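Chemist: Residue numbers (this note's numbering): 87 to 875.
These are calculated hints, taken from the structure and not from any lab test.
What you are looking at is a predicted structure, and each value in this text was computed from that prediction instead of being measured.
Backbone N, C-alpha and C define an ideal beta-carbon position, used for all residues, glycine too.
Just to be clear, a hint being listed does not mean it is correct.
DSSO-like, lysine-lysine: derived pairs with alpha carbons at most 30 Å apart [unchecked claim]:
id: 1; residue 1: K461; residue 2: K416
id: 2; residue 1: K458; residue 2: K705
id: 3; residue 1: K458; residue 2: K602
id: 4; residue 1: K721; residue 2: K821
id: 5; residue 1: K759; residue 2: K721
id: 6; residue 1: K720; residue 2: K571
id: 7; residue 1: K748; residue 2: K705
id: 8; residue 1: K636; residue 2: K233
id: 9; residue 1: K476; residue 2: K636
id: 10; residue 1: K416; residue 2: K482
id: 11; residue 1: K571; residue 2: K763
id: 12; residue 1: K203; residue 2: K482
id: 13; residue 1: K328; residue 2: K295
id: 14; residue 1: K172; residue 2: K461
id: 15; residue 1: K763; residue 2: K748
id: 16; residue 1: K172; residue 2: K416
id: 17; residue 1: K326; residue 2: K295
id: 18; residue 1: K721; residue 2: K571
id: 19; residue 1: K720; residue 2: K759
id: 20; residue 1: K824; residue 2: K763
id: 21; residue 1: K720; residue 2: K738
id: 22; residue 1: K602; residue 2: K763
id: 23; residue 1: K656; residue 2: K681
id: 24; residue 1: K748; residue 2: K718
id: 25; residue 1: K243; residue 2: K328
id: 26; residue 1: K571; residue 2: K656
id: 27; residue 1: K602; residue 2: K668
id: 28; residue 1: K243; residue 2: K233
id: 29; residue 1: K718; residue 2: K763
id: 30; residue 1: K748; residue 2: K636
Derived Cβ-Cβ restraints for the label pairs, each shown as a range [unchecked claim]:
id: 31; residue 1: K828; residue 2: K172; range: 35 to 45 Å
id: 32; residue 1: L708; residue 2: C734; range: 20 to 30 Å
id: 33; residue 1: K828; residue 2: Y513; range: 15 to 25 Å
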Amino acid sequence: MDIKCFHCGLDVPAGSHYQTTVLDKPQHFCCPGCLAVAESIVENGLEDYYHYRSEFAEKASENDEDILEKLSVFDDDLILSEFVGKNNNTHEIQLTISGINCAACGWLIEKQLSKLKGIVQVAVNVSARRAIVSWDSDLLQLSAILKHIENIGYHAKPFQPEQHEASYKQENQAFLKKLGLAGLMTMQVMMLNIGVFFDLFGHIDEQTKQYFNWVSLLLTTPVLLYSASGFYSGALRALKAKSVNMDVPVSLALSLTYLSSVLATFQNTGQTYFESLSMFVFLLLISRYLEHGARYKASQLSANMLEYMPTMANLVENKQIRPVLAKSLKSEQLVLVKAGELVPIDGTIVDGQGQLDEALLTGEFELISKTKGEKVYAGTVNQLGTLTIKVTSTLKHSVLNQINQLQSQALANKPKIAGIADRFSQYFVAVVLLISAITYLVWYQINPEEALWHMIAVLIATCPCALGLATPSALSCAVAHLNGKGILLKRADALEQISNVDWVAFDKTGTLTEGKFSLSQCVNNTDKRDEHWLQIAACLEQYSEHPIAKAFEDIQCPYPVVNFSTIIGKGIKGTINNIEYKLGSELYMEQEIPKSLQICNVFLQANNRVLCGFALADKIRLSTIAILETFKDKKVTLISGDAEPMVCAIAKQLHIPDWLSKHTPEQKLGVIKKAQKDGYTVLMVGDGINDAPVLAQANVSVTLGVSSDLAKSSADVVLLDNSLDKINLVFNIAKRCKNKIKQNIGWAIGYNILVLPLAVSGVLTPWMAVIGMSLSSLIVVINSIRLLK
Numbered sequence: 087m088d089i090k091c092f093h094c095g096l097d098v099p100a101g102s103h104y105q106t107t108v109l110d111k112p113q114h115f116c117c118p119g120c121l122a123v124a125e126s127i128v129e130n131g132l133e134d135y136y137h138y139r140s141e142f143a144e145k146a147s148e149n150d151e152d153i154l155e156k157l158s159v160f161d162d163d164l165i166l167s168e169f170v171g172k173n174n175n176t177h178e179i180q181l182t183i184s185g186i187n188c189a190a191c192g193w194l195i196e197k198q199l200s201k202l203k204g205i206v207q208v209a210v211n212v213s214a215r216r217a218i219v220s221w222d223s224d225l226l227q228l229s230a231i232l233k234h235i236e237n238i239g240y241h242a243k244p245f246q247p248e249q250h251e252a253s254y255k256q257e258n259q260a261f262l263k264k265l266g267l268a269g270l271m272t273m274q275v276m277m278l279n280i281g282v283f284f285d286l287f288g289h290i291d292e293q294t295k296q297y298f299n300w301v302s303l304l305l306t307t308p309v310l311l312y313s314a315s316g317f318y319s320g321a322l323r324a325l326k327a328k329s330v331n332m333d334v335p336v337s338l339a340l341s342l343t344y345l346s347s348v349l350a351t352f353q354n355t356g357q358t359y360f361e362s363l364s365m366f367v368f369l370l371l372i373s374r375y376l377e378h379g380a381r382y383k384a385s386q387l388s389a390n391m392l393e394y395m396p397t398m399a400n401l402v403e404n405k406q407i408r409p410v411l412a413k414s415l416k417s418e419q420l421v422l423v424k425a426g427e428l429v430p431i432d433g434t435i436v437d438g439q440g441q442l443d444e445a446l447l448t449g450e451f452e453l454i455s456k457t458k459g460e461k462v463y464a465g466t467v468n469q470l471g472t473l474t475i476k477v478t479s480t481l482k483h484s485v486l487n488q489i490n491q492l493q494s495q496a497l498a499n500k501p502k503i504a505g506i507a508d509r510f511s512q513y514f515v516a517v518v519l520l521i522s523a524i525t526y527l528v529w530y531q532i533n534p535e536e537a538l539w540h541m542i543a544v545l546i547a548t549c550p551c552a553l554g555l556a557t558p559s560a561l562s563c564a565v566a567h568l569n570g571k572g573i574l575l576k577r578a579d580a581l582e583q584i585s586n587v588d589w590v591a592f593d594k595t596g597t598l599t600e601g602k603f604s605l606s607q608c609v610n611n612t613d614k615r616d617e618h619w620l621q622i623a624a625c626l627e628q629y630s631e632h633p634i635a636k637a638f639e640d641i642q643c644p645y646p647v648v649n650f651s652t653i654i655g656k657g658i659k660g661t662i663n664n665i666e667y668k669l670g671s672e673l674y675m676e677q678e679i680p681k682s683l684q685i686c687n688v689f690l691q692a693n694n695r696v697l698c699g700f701a702l703a704d705k706i707r708l709s710t711i712a713i714l715e716t717f718k719d720k721k722v723t724l725i726s727g728d729a730e731p732m733v734c735a736i737a738k739q740l741h742i743p744d745w746l747s748k749h750t751p752e753q754k755l756g757v758i759k760k761a762q763k764d765g766y767t768v769l770m771v772g773d774g775i776n777d778a779p780v781l782a783q784a785n786v787s788v789t790l791g792v793s794s795d796l797a798k799s800s801a802d803v804v805l806l807d808n809s810l811d812k813i814n815l816v817f818n819i820a821k822r823c824k825n826k827i828k829q830n831i832g833w834a835i836g837y838n839i840l841v842l843p844l845a846v847s848g849v850l851t852p853w854m855a856v857i858g859m860s861l862s863s864l865i866v867v868i869n870s871i872r873l874l875k
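Please take these sequences and the hints and turn them into a complete structure.
Modeler: In structure tokens, the structure reads:
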């Protein structure tokens, strides 16, 4: 039976041995070119290309240049549409990067990629082993970015939850293998040397001691070459980039110990330190392994929504139900969700009713009843009932995926204190290398035999690993805690500024109030019936997304509307029966509002005449009073675009002394800028509908709820369940996180200052230094994990 090439579909020659695993099955290829292309597709996490292709690819050339040309397919927008976000010419992708060991690795990757022309921003999350890269697509291609990361010794590919988990497991297995070898060899070498030190075998002559030294050398060499390889590769990457990191002093200490012991063995004179070297590597690996596990735990909690990312869906097509990949669903398709199943996509219920668990979005575990016409979100769980859902957005653009991306971006924005710590650690390593050299020279004059030993103790004891973990570990845990409570933090550096807030501005509609308007009165200024103007208003509002539109949704809309448009912060307009109508606030009206309409807050105008007014009532949120009570020590201002009577009534009801009415978004922006100019640190709380410039200008901004344009929101914090009282939790976590970072940095610096004189003076031996350094790093991570509680 003829075998076809899996890539191009041509016959595979008899005896061909070109094959690799694709889609979890061994596949055959006709030539090295097709094999190379397929392996690149697999390695870049793009195997779904083979799921969705409609025909075989062209045969790949065996020429290397042609192969590289074929691989440029991965720069095509159609292939990368699943992974790459776009904003004009700027592209953004989230990458999984393997080989990251400490904060210096992230710093190195950021520094090296920033040198590429076209890079807009690089942010590496060390804890999650991920990076967010933004670049100008006119100047740079993704393939060049991936290649540059490979050139500095790391491996990057587009982030996918399943592959990211597999990458962690692979690294974990590698850690265990290296740790196991180091532990086994350490026991053997220690057994031999304990016998020599204490003469457990009776009188041991020099020839036997020399034999034990050679056996120890044989046992220690694989520890250095394999178990300690991670320290050397990390040091080489740093030196290649003309920098230093934590692995440099460790690698130098291990090399000097090994070389001096080898020299003593060959010359049969002096002291060997094979048992100490093996123990150093073993203890260092234990420390790195525990840090690896702790950082992974924090990053998993921080990204716990990934486990809810749906993979399969029941597509309803031609009255038939068939399983499909959730990410293949398109708008307007119908999906069936049975009881107990994950909702696979964002959509609207077209049939059925259910009880949904939206805890992953809101942090609240109460079931929510939903029926026809209501929205549902990917990743939530339908606990009861059967739903038919019409898809409104693809999985890539779902609220769940947007939250995951925004959360990753949050950890990319480091507080100022983090930048200071990163820079300090770089200089500190250089200082450590200088002090260790001076230590060697001084001790060489005092006691040459101890000089090398004391220098090694200095190199190991003062390695700033704990300093590198101080900030990222605390930030990861703080973001994880907030996420678990239904609070999405988009900028981690906002946590630093929240602690300094002393001026709080609130929008009214949809923020202090629920934004669920009801029509309480229609004041007619004409001879026509009220019903006529209500229908005109309803026809216009059916095209609006503003909360006010809901007050008119139950009114019949008999007239078609043309030339509809929205004036942000003012109102809407449209043409009905060749008459242009304007519906909105007093600021939008061209004529003075008649006294009879002063009690209204929405007005209808046509032909330069205010025809009628509508009084809309809004309900104050239950959580509003509680949050205002906690802001007694801060300056609080209510800023609204509504009419004065409405704003004044709400302000009096909530006991807010400072309030401003009839403010456009531009005027609100001016108020915020003036407050900042006066020296205030401003927190703005708004619904994000008309206040994007204001939210962006404030030092810290908070918005409520989940909307379709969540990813484009200018707010720093999103309260997914619309509970204002959770702002208190944000303030609390911000304060605790800041304290934890200070504690971690204080401990890391204090420990190094304490042990440095002990190591230089010879009091601290190398094995003590290893234990101390390991414990110092673990204390920092454990202290940060307390933020999860």
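Chemist: All hints are to be evaluated individually against the structure, with a verdict given for each.
Modeler: Hint by hint, here is what the structure shows:
Restraint check for K461 and K416: satisfied, since their Cα atoms lie roughly 16 Å apart, inside the 30 Å limit. At most 30 Å may separate the alpha-carbon atoms for a hinted pair to count; K458 and K705 meet this at roughly 25 Å. Between K458 and K602, the direct Cα distance comes to roughly 19 Å. Compliance with the 30 Å bound is thereby established for this hinted pair. Our distance criterion of 30 Å between C-alpha atoms is met by K721 and K821, whose separation comes to about 19 Å.
The straight-line distance between the Cα atoms of K759 and K721 is roughly 15 Å, inside the 30 Å bound, and the hint therefore holds. With a C-alpha separation of about 25 Å, the suggested pairing of K720 with K571 holds against the 30 Å cut-off. Pair hint K748 plus K705 holds up; C-alpha atoms about 20 Å apart against a cutoff of 30 Å. Between K636 and K233 the CA atoms are separated by roughly 52 Å; this puts the pair beyond 30 Å, and the hint is violated.
As the CA atoms of K476 and K636 are separated by approximately 22 Å, the hinted pair is consistent with the 30 Å bound. Taking the CA atoms of K416 and K482, the gap is near 11 Å; set against the 30 Å cutoff, the hint holds. Distance check on the hinted pair: K571 and K763 sit about 34 Å apart at the alpha-carbon level, beyond 30 Å; violated. The suggested pairing of K203 with K482 holds, with an alpha-carbon distance near 28 Å, which does not exceed 30 Å.
For the suggested pair K328 and K295, the alpha carbons sit about 43 Å apart, so the restraint of at most 30 Å is broken. Note on K172 and K461: the hinted pairing holds, with a Cα-Cα distance of about 26 Å set against a maximum of 30 Å. With a CA separation close to 23 Å, the supplied pair K763 and K748 stays within the 30 Å bound. Between K172 and K416 the CA atoms are separated by roughly 19 Å; this keeps the pair inside 30 Å, and the hint holds.
For the given pair, K326 sits about 41 Å from K295 by alpha-carbon distance, which is inconsistent with the 30 Å threshold. Simply put, K721 and K571 have alpha-carbon atoms about 27 Å apart, close enough for the 30 Å limit, and the pair holds. Of the supplied pair hints, the one linking K720 and K759 holds, its CA atoms being roughly 17 Å apart against a limit of 30 Å. As the CA atoms of K824 and K763 are separated by approximately 25 Å, the hinted pair is consistent with the 30 Å bound.
With a C-alpha separation of about 18 Å, the suggested pairing of K720 with K738 holds against the 30 Å cut-off. Between K602 and K763 the alpha-carbon distance is near 35 Å, which puts this suggested pair outside the 30 Å criterion. The hinted pair formed by K656 and K681 meets the criterion: a straight-line CA distance of about 20 Å does not exceed 30 Å. In summary, the hint linking K748 to K718 is supported, as the alpha carbons are separated by about 25 Å, within the 30 Å threshold.
Taking the CA atoms of K243 and K328, the gap is near 25 Å; set against the 30 Å cutoff, the hint holds. Among the hinted pairs, K571 with K656 is inconsistent with the structure: their alpha-carbon atoms are about 35 Å apart, more than 30 Å. As the CA atoms of K602 and K668 are separated by approximately 22 Å, the hinted pair is consistent with the 30 Å bound. Simply put, K243 and K233 have alpha-carbon atoms about 10 Å apart, close enough for the 30 Å limit, and the pair holds.
A threshold of 30 Å between alpha carbons decides the hint, and for K718 with K763 the separation of about 22 Å falls inside it, so the pair holds. A C-alpha spacing of about 22 Å is found between K748 and K636, which places the hinted pair at or below 30 Å, so the restraint holds. Separated by about 39 Å at the C-beta atoms, K828 and K172 satisfy the suggested range of 35 to 45 Å. Evaluation of the 20 to 30 Å hint for L708 and C734 yields a pass: the beta carbon distance comes to about 22 Å.
The hinted window of 15 to 25 Å between K828 and Y513 holds, with their beta carbons roughly 20 Å apart.
In summary, the numbered hints that this structure violates are 8, 11, 13, 17, 22 and 26.
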